[in-house]
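Colleague: Since the structure of chain V is already known, use the hints to place chain S on it.
For the record, the sequence lines run as chains V and S. Under my numbering, the first residue of the first sequence is numbered 1, with each subsequent residue one higher. Under my numbering, the first residue of the second sequence is numbered 1, with each subsequent residue one higher.
Mixed in with the good hints, there may be bad ones.
Stretch-level coverage of chain S by chain V, calculated; a stretch enters the list once three of its residues show a Cβ under 8 Å from a Cβ in chain V [as the list claims (entries may be wrong)]:
| no. | region |
| --- | --- |
| 1 | 31-41 |
| 2 | 48-61 |
| 3 | 64-74 |
| 4 | 79-85 |
| 5 | 108-114 |
Note that these hints are calculated values from the structure, not bench results. Source: prediction; values computed, not measured. By construction, the Cβ of each residue, glycine as well, lies at the ideal position given by its N, Cα and C atoms.
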Amino acid sequence: MMEITEGSHAVAEAVRLCRPQVVSAYPITPQTHIVEALADFVANGKLDAEYINVENEFSALSACVGASAAGSRTYSATTSQGLALMFEVCFNAAGMRLPIVMSIANRALGAPLSIWNDMQDSISLRDAGWLQFYAEDNQEATDLHYIAYRVSEDRKVLLPSFVCFDGFILSHTYEPVDMLTQEDVDKYLPKFNPPERLDAADPVSFGMYATPEYYLEFRYEHDKALKDAREVIAKAGKEFAALFGRDYSAMVEGYKLEDAETVIVAMGSICGTIKDSIDEMRAEGKKVGLLRIRVFRPFPSEDITKFIKSATHVKRIAVLDKNISLGAKGATAIEVKDALYGSTVPVWNYILGLGGRDVRKKDIKEIVVLAEKGQGDQFYGLRKEVL
Amino acid sequence: MAEKCKACELFDSGHRACGGCGASLAARLVTKAAGANTIVVSATGCMEVFSTPYPETAWKVPWIHSLFENASAVASGIEASLKKQGRKEKIVIMAGDGATFDIGMICISGAFERGHDFTYICYDNEAYMNTGIQRSGATPYDASTTTSPAGSKSFGNQRPKKDMPAILAAHGAPYVATASIAYPADFMQKVEKAINTPGPCYVQVHTPCCTGWGFEGEQTIAIAKLAIETGLWPNFEMVDGKVTKVKKVVRKPVTEYLKTQKRFRHLFKPKQQDAEIAAIQAIADRNAEKYGLDIKLKKE
Chain V
1 MMEITEGSHA VAEAVRLCRP QVVSAYPITP QTHIVEALAD FVANGKLDAE
51 YINVENEFSA LSACVGASAA GSRTYSATTS QGLALMFEVC FNAAGMRLPI
101 VMSIANRALG APLSIWNDMQ DSISLRDAGW LQFYAEDNQE ATDLHYIAYR
151 VSEDRKVLLP SFVCFDGFIL SHTYEPVDML TQEDVDKYLP KFNPPERLDA
201 ADPVSFGMYA TPEYYLEFRY EHDKALKDAR EVIAKAGKEF AALFGRDYSA
251 MVEGYKLEDA ETVIVAMGSI CGTIKDSIDE MRAEGKKVGL LRIRVFRPFP
301 SEDITKFIKS ATHVKRIAVL DKNISLGAKG ATAIEVKDAL YGSTVPVWNY
351 ILGLGGRDVR KKDIKEIVVL AEKGQGDQFY GLRKEVL
Chain S
1 MAEKCKACEL FDSGHRACGG CGASLAARLV TKAAGANTIV VSATGCMEVF
51 STPYPETAWK VPWIHSLFEN ASAVASGIEA SLKKQGRKEK IVIMAGDGAT
101 FDIGMICISG AFERGHDFTY ICYDNEAYMN TGIQRSGATP YDASTTTSPA
151 GSKSFGNQRP KKDMPAILAA HGAPYVATAS IAYPADFMQK VEKAINTPGP
201 CYVQVHTPCC TGWGFEGEQT IAIAKLAIET GLWPNFEMVD GKVTKVKKVV
251 RKPVTEYLKT QKRFRHLFKP KQQDAEIAAI QAIADRNAEK YGLDIKLKKE
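The shape of chain V in the complex, shown without the other chains (with noise of 0.2 Å):
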C-alpha cells in the first residue's frame, strides 16, 4: 500500500514487519526517529519485541550479539558517532557469524562535529566484514531491509548487514513508499533458525580464540561467505521481485549507460539527483549515464568490470564520494580503479556533499565538465579561502 511517510518511519515499519524478537539501540541524530518508532510498536502491542534500552551504543550492538548467539533475530540502529564506538563489537559479531541486521543514517564523522549527511561512518568499516547495502530513496530503503534479513540469515552467509541511507536527506524526507504488509513479509523472510546456538541441550562455545593455527582460515571463509553472498542476494533480490514487482537482484544499477560516453559512478540518494542532471544533459546531447552501487560489501567489482571494459564508448569515469580515505582518496574511487586495472578509461574522483553539503543538478554538470578536462581527484565546491 502506497503511504506518503517519513523515511526512518518507513523503516521502521519495515523492520517491525521483519519481526525482530530483540531490538536494542541508543538515540543519535539521525537515526532517533526510527528507534522511537519501534519502542512505540512494542510499548502498543504491534511489535512483540524484547526492547532494550542501552546506555550507549557500544551496548546496543553487544547486546545484539547475545541475543543473536541465543537464537533471536535481532536489530539496532546507529550512524556516525555511535557506529564508531561500535567499532570494535562490529568486527566481533561479523567473526562470529551473527546476522544481526542494523540500519544506518549516514551521517559525517567529526571532529569538527557534523550531524549531517555523508557515508564516512558506514564507508569507514568497509573492512568489518559485514554485507554493506546503499538505498537510493526510501522506497529502497524499506525494501533493503526485508533483502538484508533474507540474505544475512541464509546460511550460506551468516553475516550481519548494514542497511545504509543517507541521513536527513532521506531519514527526515516524506516520500511515497510502497509498503508491504505482514502476510507479504511472512511470505518472503522465514523464521530465523540458525544453525547452532547457545543452549543448555546441546552446549556449544562460541567465540574462542584462535592461534595462528587457525586464525587465518577463519579469515579465509569469513571472506568467502561475504563473495558468496553475491549469489545469494541475486536469489534473494529475484524472489522479491518476481513477488513484489521491484527488482534488487543486482548489486549495481545502471542509468542511461548504453551509449554514455561519461560515467559517473555514486551511491546513495545523490544518485536521484544524478539522474535528473543527466536527463538535462541528454536533452543538451551530452551522452552521460550512471552505474549506481547498491551493495558496496561484497563489492560488485565483476558488474563493473563487465560493463566498463566492454563498453568501447565510455571514455571517462567519475565516481563520486561522500567519503574520502584521509591522504588517499574516496573509497569508491579506489575500489572502483582496482576493479578496472588495465583499462585506460582514465577514472577521475571527486569528494563532495561531505558533512551535509548540498550537491544540486548544477554541481554533477560541472563535474562532468571537469571530468572531460580531464580534472578530477579534488574535492568539488570547495570555499574559496581554503584554496
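Modeller: Relative to the frame of chain V, chain S by itself:
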C-alpha cells in the same frame, strides 16, 4: 539440579591454566553450583584464554565470549532472547577484575540499572594477569605490578581497591556477595543464591594468582584463607543493599598475608617499611570495623 551437579564436572580438566590457578578453581565451583542449565558469558581474560583455545573448550555448558568489556551487555541480549523464547536457562557472567572494575564498568552499570536477570561473577585476581600483571582498579594498595612497580620512589600501587560491591549495591542489585575459593562451600552457596535471586546479582570471588602474585602453586588456598583471616578480604553478603552475613575471624596481622607474596616483598626487603605496613593494616582495620569482622573474645 544444583544439588545433583555438585558431583558432576561442567568445567573440564585439560585446560591451560597454571598449576595452582585460583580462577580455574572458581570456574569449576561456579559451574558445579550453577548446574547444566546455565549459559556462561566470559569476558576476555585469563579464564577465556586458558579454557577455549580453538578447537578445544573446557566448558560443558553453552559458553560465549565476545569482547573484553561487553560481557554484561552480551548477557543482557541473551536474557532478552531467552525471555522472548520462553526459555529458562540461567545466565552466569565470568569476568576478571580488569573486565569488571575498569574496562567493563559502563556496560555493567547499564546492565545492572536495567535489571536483567543474570549472575555476575568477578574472579578477582587483583591485576591484569592475562597481559602480564598490570595494575587494575582491583589491585590492592602497595602491590607491585608491571605498571605499578615498586622502585626507589614507589611502594607499588598507590590506590586502594575500588569498592565494586558497594557500587553494584547502589545500582539496586538485590544480591551482592564476596567469596573466596578458600571456602568452596560458602562460595557455591553464594553462587546458588545469586542465581536463584531474580535480577542482576554480583559475586566477587577472591582468586589468588600464583604467577602474578609470586607464590608457589600449592599455596593458593592457604593465601586465599590468609586474606580473609587478616581482614584484607572481607567475606560478606548484601541483600537489597544491606550487609546480612559476614564471615567473622580472629584477625591475624596483615604481615602474615603480605609476607607470602612477591608482589609485597619490597615492604620487607631490603628493610621493613613500617609506615606502609601500618597503612595496609589500617585498611584491614577499617574493613573489620565496617563489616564487623572481628570475633569478640570474652575477656578472661
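Colleague: Run every hint past the structure and note whether it holds.
Modeller: Now the hints, each set against the structure:
1. 31-41: holds (count 5)
2. 48-61: Satisfied; 10 residues make the cut.
3. 64-74: holds (count 8)
4. 79-85: holds (count 7)
5. 108-114: holds (count 5)
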